[in-house]
Amino acid sequence: MALVLTATDAFSSGNFAYNKAYIYRINAIAALGGILFGFDTAIISGTIHFFSQHFQLNDLQTGWAVGCISVGAAIGALFSGRLSDLVGRKKMLLVSAFLFAITGVGTGWATTFPVFVAFRMASGIAIGCAALVCPIYIAEMAPAPWRGRLVSFYQLAVTIGVLLAYLSNYLLLYTGDDNWRWMFSSQSIPALLFFLGLFFVSESPRWLIRKNRENEARTVLTQIGGSAYAEAESKTIRTSFSAIMKEDLRFLFRKDVFLIVLIGIVVAFFSQIGGPLVAYAPEVFKQVGIAEDSAFLQSVLLGIILCVFTFVAIATIDKVGRKKLLLIGSAFLSADILALAFAFYFQLPGFWALLFILLFIAGYAATIGPVTWVILSEIFPNRIRGSAMSLATLSLWMANFVVIGSFPVMKSQFGMPLTFGIYAFLLLIYFVFILLTVPETKGKSLEDIERLLIRKT
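Going by the numbering used here, the residue at position 184 of the sequence shown is 184; the numbering climbs one at a time, nothing skipped.
Hint data in this document are derived by calculation from the structure and do not stem from the laboratory. Treat the hints with caution; some may be incorrect.
Quick list of simulated restraints, FRET-style, between CB atoms [claimed, not checked]:
no., residue 1, residue 2, range
1, 348, 406, 22 to 28 Å
2, 98, 241, 28 to 34 Å
3, 50, 409, 19 to 25 Å
4, 414, 25, 45 to 51 Å
5, 176, 409, 27 to 33 Å
6, 178, 235, 55 to 61 Å
7, 28, 232, 22 to 28 Å
8, 345, 54, 32 to 38 Å
9, 311, 422, 28 to 34 Å
10, 429, 174, 41 to 47 Å
Mimicking SDA-like on lysine to any residue, the simulated pairs with C-alpha atoms at most 20 Å apart in a straight line are [to be verified]:
no., residue 1, residue 2
11, 286, 406
12, 324, 439
13, 286, 59
All C-beta atoms in this analysis are idealised placements derived from N, C-alpha and C, irrespective of residue type, glycine included.
Model the full structure from these sequences, guided by the hints.
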């Protein structure tokens, strides 16, 4: 049955009128996975001092405590792409929501350090699943002209999650010796909302067509853009699966898709440079002489900046383009973090370090942060999207683990100036890679992008 749209609940693009209310509702619920992603990765920033003292940890153990979540996320990324191809995007999101709910409490009330690590790694599995499946789901539901900004809303949700984590840490700071336990446990509230909200969204039409459930897919596509849109999209999607073959990892290294997969891996990997500025924000602020309560408050400011500047990406990504934003972002962030290294080296007043940190966060939120997820959600062909996304996000979480897990040791052994100087150099390498290899994909359907990239290989 065709959906009748009115002027108040639809918007037009090309020859189709899209159901704005329906698309935004789906996007908002799916983006709750991004809130949990951001919340869970940032919540530890305010707990490090307290659980390190409680468990009597050294620098290496502290780095493992913070970074172990990335190992879990890598495991989640490795398996959830293939599983989402088998059982569906929606079911995998339900699994991740359930894990988020139980691991928040489990981490908070862990009685020993090994139990703490086990729950953090399980929480990482939930992050790896949500971080992979949410952008895929949003991209597969979104009309092509709006896909960039809709997937960018996922990154906005991540930044909202970071802000909520910082705010939660600040509000719970003076709740006694168990303050860090309540900080971790607070994650279960948004997790339950995510779990319940998923019962009000549809399955991805591209996954439904992959499973020969075309009537269900047409129903979803009709709700998105009407019967004419459903007819055109279902035909295009079905054609993209015509050459489908049995997937295994070897297929990802075929000549016709290898460059696409490599771009995804590198884009994912370099998106994590500078991660310690989020994960260790209060600790970095204290390094420049900011008192503990003020450091927590400055972290809230950092979270606000993340949210506000993500709107810059949302407003520009479908106009300026993905590649230009990545180039602008990598160049700016490299220069900014180099300036931060000099601020520490010359022991400038804390104001300058704080300024460069906040500028880094603003630049990241306006460019690399959201664009990474847009690129990863759209460059892989339909027939390998799940497996290729798994490999790319595995790369992301390996980078996250190395960068965040090594930070306490690096700052102790090398000092802040050299540590941040290394990050600046890596971002410069990323700029060159983007310039030479990353294509522009704005305004194209997922199937058009597939044809464009395969022709270039």
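Checklist entry - Looking back at the hints listed earlier, which ones does the structure fail to meet? => result none
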